[in-house]
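Now for the letters of each chain:
There are 2 protein chains.
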Amino acid sequence: MDLIITKDALVGGVHFFENDKPNLIAQKALRVNLSDLAAMGAEPIGYFLSIALPKEDFDIDSWVSSFTEGLLKDQREFGWQLWGGDTVSTTGPVTISITAIGQKTKNHNLTRSGASPDDVIYVSGNLGDSAAGLLAIKKGIDIPELIERYHLPIPRVELGRAIIGIATSALDISDGLMSDIKHICEQSAVGVEIFLNNLPVSSSLKEFLKSNLFETKHDYSHLIWNGGDDYELLFTAREKDKSNVEEISRTLGVKITEIGKITSGNKVILYDTIGKELKIENTGFSHF
Amino acid sequence: MDLIITKDALVGGVHFFENDKPNLIAQKALRVNLSDLAAMGAEPIGYFLSIALPKEDFDIDSWVSSFTEGLLKDQREFGWQLWGGDTVSTTGPVTISITAIGQKTKNHNLTRSGASPDDVIYVSGNLGDSAAGLLAIKKGIDIPELIERYHLPIPRVELGRAIIGIATSALDISDGLMSDIKHICEQSAVGVEIFLNNLPVSSSLKEFLKSNLFETKHDYSHLIWNGGDDYELLFTAREKDKSNVEEISRTLGVKITEIGKITSGNKVILYDTIGKELKIENTGFSHF
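Sequence order for the protein chains is A and B.
Here the first sequence is numbered in my numbering, starting from 299 and rising by one per residue.
Here the second sequence is numbered in my numbering, starting from 299 and rising by one per residue.
Calculated directly from the structure, the hints in this document are not laboratory data.
Hints may be right or wrong, so weigh each one.
All copies of an identical chain are treated as equivalent in the list; a pair is satisfied when it fits inside any one copy or across any two copies.
[Stated by the list, open to error] Listed below are the simulated BS3-like cross-link pairs for lysine-lysine, each with C-alpha atoms no more than 30 angstroms apart in a straight line: (1) K559 x K538; (2) K480 x K353; (3) K436 x K402; (4) K319 x K353; (5) K353 x K436; (6) K574 x K538; (7) K538 x K565; (8) K404 x K437; (9) K371 x K553; (10) K574 x K508.
Between the sequences and the hints, there should be enough to build the whole structure, so can you do that?
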């Protein structure tokens, strides 16, 4: 077996709200790391946790009690354990660092470098829910289905393991689809064509986008392709493996959607609903 | 081989001064973790680093440049490498989390649970320098030899590996000799007798203790046995292995001092210079 090690830090006020429920903070911290393991096709086995807690204006007992409840829940859910770490105090916000350890069979790898022209691009689950949930929290609007996706991403651990040998490349979407897919393009030396019409969007998000809840005319549909925090798997596979991918989707009960194609060259293109190329900006988009 | 994984966090204003030189902060962060590996007899091979940096009132470029210089220096010094991690921002102090990975031959272990009555207790290097250095910094007195020990502990990596098969128990002293030795007592179900006269004290510290630099009559000699931050190895071995321990000391050029004996029962006793038992308090001591 190979060991896979990944490490991610989360800071109060940056990666989570300081008044978030500690059990949800714990679960998100674990799940962000589990998603990294998923993208490498690894089975989670254990993790180390360092946590810095404020000394002042902070009910340490009730916070830690709720936090450990969250850890325990996701240890059971994902079949792994806390192996060590330490607890320190800080004058700053709660700061969590997790080192996640996974294992996988030797030479059974998921990488970002194996995509070739004509490979099909797939994504798991739905996109944009989490980013819309975050926006809803910031605006003080309660949309439970979206907010829950923000607090509790679903790391695609089983899917990651299932696509080993079929996926030619894979990663988990943390910064947003169009931002993260560039890593595959760079490391596989290919381009991509993605079709907005094909992107999987939940009914909650569709409703939210139509609702004008914020009483502005701003179009938030870019959250779908560059909202980030999705923690869905993005992967590519040969045309001939389409039926295998469908079979995996059925077996695991995980929605998998074909969203585009790998191309030769190095262009990263998103086509809008009427087939025009969308220009992707850092924080939004504009039509050409 | 076995992999050994250890994780330690350091927070600005708690574990180091925020105006400490970043290269020294980096080296200390690595060395604290290296000391953990040393206490397990492991050879350091790589580490992961998470670092949270302030956004405001902070010259990130010059800080990071100095910090990485420190990392590089101790990567070379100890023959290991940075394998990954992440950088995030924080509204609080600089927060560093290191996950250190070491390896050792299977079944070649250093534990805390193998000490038996009549085993000899050894300690490497000198005790108390680091704690006195910290005190000197706080009081604004420049005593370079002691302050350097505070900033740059010497992880006893080679010694840790050399005593495998000879040491019946081992740990690294981070909280102070008399505090940490309790771990061996508990896990080995034994007691100890330590002799203050035998504790290794540097000439710099002896001078410092005599100097009354702080213009008080307070006796700081307790820093020797409960100052902490020593990162020296404490270990036990059978009487019959005395010459082996002496040979290791000569070969590695590391001072090793016999400081006491393991006893049956569970008493943790420190005898003072005239053979009376010292009562160890949390923050100092008093005579019975």
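Each hint tested on the structure:
Proximity of K559 and K538 under a CA criterion of 30 angstroms is satisfied intra-copy only: 13 angstroms inside one chain copy versus 72 angstroms between copies. Taking the shortest Cα distances, K480 and K353 sit within 30 angstroms of each other only across copies (27 angstroms), while inside one copy they are farther apart (42 angstroms). With identical chains, the CA atoms of K436 and K402 are never at most 30 angstroms apart, being 39 angstroms at best within one copy and 50 angstroms at best between copies. When the C-alpha separation of K319 and K353 is checked against a cutoff of 30 angstroms, the pair qualifies both within a copy, at 18 angstroms, and between copies, at 25 angstroms.
Taking the shortest Cα distances, K353 and K436 sit within 30 angstroms of each other both inside one copy (27 angstroms) and across copies (21 angstroms). When the C-alpha separation of K574 and K538 is checked against a cutoff of 30 angstroms, the pair qualifies only within one copy, where the shortest distance is 28 angstroms, while the shortest distance between copies is 83 angstroms. In this homomeric assembly, K538 and K565 come within 30 angstroms of each other (Cα to Cα) only inside a single copy, at 24 angstroms, whereas the closest approach across copies is 72 angstroms. For the homomeric pair K404 and K437, neither the shortest alpha-carbon distance inside one copy (47 angstroms) nor that between copies (56 angstroms) is at most 30 angstroms.
In this homomeric assembly, K371 and K553 come within 30 angstroms of each other (Cα to Cα) only inside a single copy, at 24 angstroms, whereas the closest approach across copies is 49 angstroms. Taking the shortest alpha-carbon separations for K574 and K508, only the intra-copy value of 22 angstroms comes in at or below 30 angstroms, while the best inter-copy value is 82 angstroms.
Going through the hint list in order, the structure does not satisfy hints 3, 8.
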